[in-house]
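Engineer: Chains as they are written, first to last, in the numbering used here: chain A, 10 to 258; chain B, 10 to 258; chain C, 4 to 72; chain D, 4 to 72; chain E, 10 to 190; chain F, 10 to 190; chain G, 531 to 885; chain H, 531 to 885.
The hints are simulated quantities; they were obtained by calculation from the structure and are not laboratory data. None of the values given here were measured: they were computed from a predicted structure. It is possible that part of the hints are untrue.
Stated by the list, open to error - Think about it this way: if two alpha-carbon atoms lie no more than 25 Å apart in a straight line, the pair counts; the simulated DSS-like pairs of lysine-lysine are:
no.	chain 1	residue 1	chain 2	residue 2
1	H	K715	H	K729
2	H	K827	G	K854
3	H	K533	G	K855
4	H	K819	G	K855
5	A	K150	A	K201
6	H	K533	F	K152
What the hints assert, rightly or not - Computed Cβ-Cβ distance ranges for the label pairs, DEER-style:
no.	chain 1	residue 1	chain 2	residue 2	range
7	C	H27	B	Q246	22 to 30 Å
8	C	D48	E	D184	38 to 46 Å
9	E	P96	G	Q801	16 to 24 Å
Ideal Cβ placement from N, Cα and C applies to all residues, glycine included.
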Amino acid sequence: MAYIYKRSEGLRDIPMHYCPGCHHGIVHKLVAEVLEEMDLLDEVIGVCPVGCAVFAGDYFNCDFQEAAHGRAPAVATGIKRTHPNQPVFTYQGDGDLASIGAGEIVHAAMRGEKFTTVFINNGIYGMTGGQMAPTTLIGMKASTCQDGRSAEQAGMPMRMSEMLATLDGCVYAERVCVIDIPNLNKAKRAIKKAFEYQMAGKGFTFIEVLSTCPTNWGMTPLKANQFLKEKMAAYYQLGVVKDTAQEVK
Amino acid sequence: MAYIYKRSEGLRDIPMHYCPGCHHGIVHKLVAEVLEEMDLLDEVIGVCPVGCAVFAGDYFNCDFQEAAHGRAPAVATGIKRTHPNQPVFTYQGDGDLASIGAGEIVHAAMRGEKFTTVFINNGIYGMTGGQMAPTTLIGMKASTCQDGRSAEQAGMPMRMSEMLATLDGCVYAERVCVIDIPNLNKAKRAIKKAFEYQMAGKGFTFIEVLSTCPTNWGMTPLKANQFLKEKMAAYYQLGVVKDTAQEVK
Amino acid sequence: MIRLTFDTERCKACELCAAVCPKHILALNADLVNLKGYHPMGCIDMASCIACASCAKMCPDSVITIEKI
Amino acid sequence: MIRLTFDTERCKACELCAAVCPKHILALNADLVNLKGYHPMGCIDMASCIACASCAKMCPDSVITIEKI
Amino acid sequence: MMIKLISAGFGGQGALAIGKNLVEAGMREGLEVTWTPSYGPEMRGGTANCSVVLSEKRIGSPVFSSPTDLIALNLPSLNKFAGKVKPGGNIFINSSTVSEKVERSDVNVYYVPCGEIADKVGNPKAVNMVMLGAYIGVSEAVKVETVETIIREMFAGAKEKYIPANIAAFQSGIDFVKQYE
Amino acid sequence: MMIKLISAGFGGQGALAIGKNLVEAGMREGLEVTWTPSYGPEMRGGTANCSVVLSEKRIGSPVFSSPTDLIALNLPSLNKFAGKVKPGGNIFINSSTVSEKVERSDVNVYYVPCGEIADKVGNPKAVNMVMLGAYIGVSEAVKVETVETIIREMFAGAKEKYIPANIAAFQSGIDFVKQYE
Amino acid sequence: MAKELWKGNEVIAEAAIRAGCDCYFGYPITPQSEVPEYMSVHMPKHGRIFVQAESEVAAINMVYGAAACGLRAMTTSSSPGISLMQEGISYIAGSRLPAVIVNCMRGGPGLGTIQPSQADYYQSTRGGGHGDYRTIVLAPSNIQELADFVQEAFDIADYYRNPVMIAVDGMIGQILEPIEWRPVKRRELPPKDWATTGKRGRKTPNLVTSLFMDPEDCDRMNQLMGENLKRIEENETRYEAIGCDDAEIILVAYGTPARIIISVLDELRTQGIKAGLFRPISLWPFPEKPLHDYVAKDNVKLVLDVEMSLGQMIDDVRLAIKGKKPVHFYGRAGGIVPTVEEIIEAAKKALKEAK
Amino acid sequence: MAKELWKGNEVIAEAAIRAGCDCYFGYPITPQSEVPEYMSVHMPKHGRIFVQAESEVAAINMVYGAAACGLRAMTTSSSPGISLMQEGISYIAGSRLPAVIVNCMRGGPGLGTIQPSQADYYQSTRGGGHGDYRTIVLAPSNIQELADFVQEAFDIADYYRNPVMIAVDGMIGQILEPIEWRPVKRRELPPKDWATTGKRGRKTPNLVTSLFMDPEDCDRMNQLMGENLKRIEENETRYEAIGCDDAEIILVAYGTPARIIISVLDELRTQGIKAGLFRPISLWPFPEKPLHDYVAKDNVKLVLDVEMSLGQMIDDVRLAIKGKKPVHFYGRAGGIVPTVEEIIEAAKKALKEAK
Ligand SMILES: Cc1ncc(C[n+]2csc(CCOP(=O)(O)OP(=O)(O)O)c2C)c(N)n1
Ligand SMILES: Cc1ncc(C[n+]2csc(CCOP(=O)(O)OP(=O)(O)O)c2C)c(N)n1
Ligand code: SF4
Ligand code: SF4
Ligand code: SF4
Ligand code: SF4
Ligand code: SF4
Ligand code: SF4
Ligand SMILES: [Mg+2]
Ligand SMILES: [Mg+2]
């Protein structure tokens, strides 16, 4: 009797509050699996955001801190600088990271802080009920742009990976998604690579996961996946944005 | 009897507090001249930073607001959104804009706010007595990196123009300096172009002026000019970084 | 032999697992309602399962466990 | 004829003007000290001035006015 | 009259809308009314409830620990609130999804198979309309006509076609509880 | 003894250092001392001053409105503080840069051509050392030897070569004010 | 006018629009996100400005920019967001700008909970920011007052050139209640000749700043502001007193607890206990004298201060009462709304102890 | 040990290092930039961590991260910067983390001036952030106390798992005075078993958070914190009283005004007026009872509260005195340090009015 698949040791045996089909749950699993595979669960310190993933600290089977909205990169800096040999990561949504926390993520990247950021870009403020995020696509509806986002009113959506990649301290940035198994596998490899670079002391590593928020997109989980594939990935190109070890593609 | 050169009407007849040879004074003049030449002095609303230019509002002959440290882009957003037909500009130092105000400038650029930012990059916190800025060069000494900035401790200096240029809302970004007359003339043309683009409603415009802080660099003004030319301009390349009207160089 | 176990009380009926199953053998069970109010997912043709684990990998709520027995 | 006027009380002796003068005719006046404590800038050879205005454009403190008279 | 109702269910079941319709009707009939929602942390799938007060005089507290009436559209809501209902109060249970029974004997319990009834009138989404009907049928908190007017107004314009089905669901709820008389 | 001194000048002239040397010496001689700087908004070229208290008993206020002594290295400082000096107090003026005279007759005024004296001892930068000497020569606030020890320690090591010139400047200041005796 | 059912948060937004709010800048946060949502739809319809700011820090500084141009500017948030605005609020006060800020308080400290609370009383009334300033703080306890006060707030802010805060516990933002859109009294307002509108022929440019490098200037400015604050204290104190004239126990509360206490009073009086409610409506300026005068009367044995916090307004209650009568406290923190029953029990306990 | 001349700001930094501060995060601001400057040089020499944060918001959150790992973390700033930290401080308190924060107060509000001030008293003692929390606030009035208190602060913070603030007016940071590096008393400290160090074989992971979604939990947490605060009130109140035993007028002041008043007392006594100084050292918890007891005595006619602000501590003074004696006020704002002469005059005026 052998397990072909069971819940990673990296997650605690607690039901998650995420909505049906929300990608937060999937990405939690990938991070947990990577940490387990790399045998880092006893060492790692995670930082969760304010956003739907605010409960991540309850779900992961490792030490965690809950940061103020947007400040996870500053909190992680406080941790990593004082624990240079332990793995540290932040897990942040797009409201948290790209809006209120833009300054903190930019500066963590600039300083080349040696932690990993897993960035859940679902183009919306999930937890607060579906307001526009800096990453909301043009034309996409949200509760603070009910006719769809317009560039005139709110600007063009931010490509965080590309922006952070301009900073030398950011050594690795890749954009992935988890809408199907090949992409999910790629996402997991990316997360693993980020932690490997981190442990090798290379610098700041950044994984942007295009994700769905079926609830606030007003779609079924499967329709949401399709929207991600067709619309979101068209604007936010999947793939390695920067990899100093491997030369930029 | 005709004036070949006299102080611009854009400046009030008040002695400035800047140190001998500080470029703030020169850039003030250029902005004032452009505003006078474009006949905008009666319309324009300026926003000054916290930094040595905190007194800009006393010197310019136009309406001004003093913003909290780093928040000039938010203040300018409040002004420009409600006064879409009037010229608005912020004048900010590198501590103000690139450090504490990184979030605000990134988001003003993202939203494509139709104001102009004049960014004085002197690689140091002038007003507070010479601490390291995000733009301090590697090896350059400052009071919070007395052996010179190291990339390991503080990361590589930020190239704000390049970073903001990744955002679609930023339609024009140019890096200039005022160490000699040809460069000074170029700087003035750049500032003028920025205001022209602004008045044409194109989007966010950004002029980065490499500047000296003789006092905190511990150099004479002329030595400081030389340092700027040889060291600073080597890392921060002069020229147009982005010009959507003219295609990127 | 392969055993697929569904922790049905945790299933939220998102159907992401079903969508990635190469054998199309997963379906919601309209006859059951769990405590959360969902019709939970189940396997309608265990025999066809190739134990590829796609469903389990994809499930956001770790509902599915797969064993070789 | 060209007139160069220096608002000497505002001069901070930075010498930026002198550095850009193509005729090298600007120099600090070691005999004067203004209220700020600086030896102010002056022109040592007015006749050579070509009224290019470089000095005036460069001066951070708007010390220099140039007139054609 | 002083009704203190808690209406509770999964997010999306319409427990909050039941309360809103009630206070709208109450207001139109000149009553003092308040409606106060309470959400759990989940965006979807969590349990949501609202506290409703309908009164003939100035309302003090908009919230209360012991309701006079409870509407429970799902089991967690029943478990949470059933014990708090005032003796002599009413409990309305959506028996289509809740199979449990209330053990208390000092309250009136109404088991309304809202799902089945809604299905029957061809409007499976109108679970909450059925329950609203059942509640008004028993409590007579507001007039039937007032609610019908509100339903008509709610679906005025483009959504007009939904009016009959919703009124039918509402009416079926009223009809269903007649058996308890 | 209770000395309340203001030492003021352009930033860079060393007015603050005069005060620091005094309190260092005072402390070594067992006095209670405080030194409080005050800067203008300018980074350079502005006027800076410090308030110094040297006392035999516990010092209350480290700042004061009327100094017993004033050192003015430039004109703005003289203008700002000359009127505030206590009657019977001392005013020390760097007459190399300040040509104005003090009009009050109720204070003792010392015009010290610090620049010229410093030039003469071949140490043109040591304007403040000359003034420190002048001040101590008159006030006898601390012992000459204590200050000399401090100067020696200040330039210990690599900068040792500067010791003689600084001591010379300091000594010339003391010598200069002897004429006022 | 007919009554309409409105939700607290939407009333905040609609009232601002009716009061001529020119521009709204805000960042979402529970339990007040309906305000920016409503504004995003309705401000453009009125040709006004809505911007979703990137953060509360940015929002309050956008308010600063627009207010300094002489416009009616507003932001809303909830506790953690209001904390982030403290520097900006201090700048607004220091630059003598009018602005309206609404805080829908939730349980703290830190991330706390999204449930209603009153634990930002200190922050609101003492200025959580640096320096000597005060925000005028109005605390409605039902939706009708909310509608009225938000409208008035813009006038008050303009009149005194001082920020006005509307402080409600999160519950008030969520309640649905019938209200009437009745006209509020309008003040005659001074011209905004200090505003940065573009110089437009003015001889000297306008400069809006809170910088006063010379401490003498800064002191002068502060004293001036201090006088303005005194004027506000004299003119803008508000409160409601119910059944205080013959009360043996006066309960002091604002916001949601105050309306809960209305139910408490009824119940206590039926039980033969004469209880009164003193409800401060302006939290700053606090109605110190009226409270003092009510409590000083012989019929009053003691005061029970009730808050949705560990006790913050109690400082002001004690300052008003000056030790004349014992002050008891009942409070729940972290998002719990005290029940009628709990308060009754607390009142009885206090009375028993007093004997 | 021999006395050495030290500047206030450098003492802050050096004292922290001597107290075992593991890491310092800060952003420059006048008048305390010497602190990060000193730290940037000396922390690395001790193998400790210095990071210049991109802002005060980042700095306080870096402190949070390090403190949550069980380390001794510190930041320093001045008024506007402290305002920006309010959300972070609330999070630190709400997560029950120890931390040391120094505020070198300057004149406000807004940008104000860089001159010394005490106008952040409310912000410091009432929690400028949201929610029911308090920071322990120590106010040294000379450099020796500064050296001692900063060292002690780390122990106090660890002992109570609560942030400690050292509040000095900017002048204290600038003064050069002789001090002695004397050992401060060390406490026995509880183990930091809550810290996130990496799970390292622990059965359950540690989670540092201030989130309590269920209001019952949040209330419980708050009540627990409230009890901790009571413990602090009982044990950590500090003050100094000079000449209060026979005083007809008691001056209340802290920080720089308190030491100025030492000169005032001498002068008043020479003029035949018996004056005393009551100096709160812990601003929170405020030494309410000792002040009350001194003032209640028959010899005392009145109290004069002296602040470098428009009057903030006066609330606590009044709360302590409970109306027993008149409380007068003398204050200068915006960076002005009151002079000995001004205070003497204010004291005489108050005494005259009292007659
Ligand atoms: C200072 C502050 N501002 C605002 C909020 C409210 N808030 C909570 S989560 C959130 C945004 C969540 O969106 P995102 O980061 O995209 O995460 P998601 O829920 O989509 O995963 C906001 C604005 C807060 N808690 N604190
Ligand atoms: C919130 C806040 N933090 C810090 C400061 C202190 N401060 C004033 S100016 C300044 C930096 C100035 O540097 P820069 O922006 O580069 O301008 P420069 O003086 O070099 O022109 C700082 C940190 C402040 N006033 N407010
Ligand atoms: S609201 Fe959106 S992001 Fe949040 S849990 Fe639900 S689906 Fe996921
Ligand atoms: S400190 Fe530097 S930036 Fe500031 S005025 Fe002086 S030279 Fe210019
Ligand atoms: S293991 Fe593979 S084949 Fe079997 S049910 Fe899952 S997805 Fe389908
Ligand atoms: S993916 Fe998981 S939660 Fe979704 S339907 Fe399948 S088993 Fe249920
Ligand atoms: S105008 Fe030209 S030539 Fe004349 S002094 Fe100036 S720089 Fe020299
Ligand atoms: S540039 Fe201006 S300030 Fe500088 S030396 Fe010349 S005249 Fe004087
Ligand atoms: Mg999101
Ligand atoms: Mg700079």
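Engineer: Does each hint hold? Answer for all of them.
Structural biologist: To see whether the hints hold, each was checked on the structure:
| no. | hint | result |
| --- | --- | --- |
| 1 | H:K715 / H:K729 | 33 Å, violated |
| 2 | H:K827 / G:K854 | 19 Å, holds |
| 3 | H:K533 / G:K855 | 52 Å, violated |
| 4 | H:K819 / G:K855 | 18 Å, holds |
| 5 | A:K150 / A:K201 | 34 Å, violated |
| 6 | H:K533 / F:K152 | 19 Å, holds |
| 7 | C:H27 / B:Q246: 22 to 30 Å | 57 Å, violated |
| 8 | C:D48 / E:D184: 38 to 46 Å | 44 Å, holds |
| 9 | E:P96 / G:Q801: 16 to 24 Å | 20 Å, holds |
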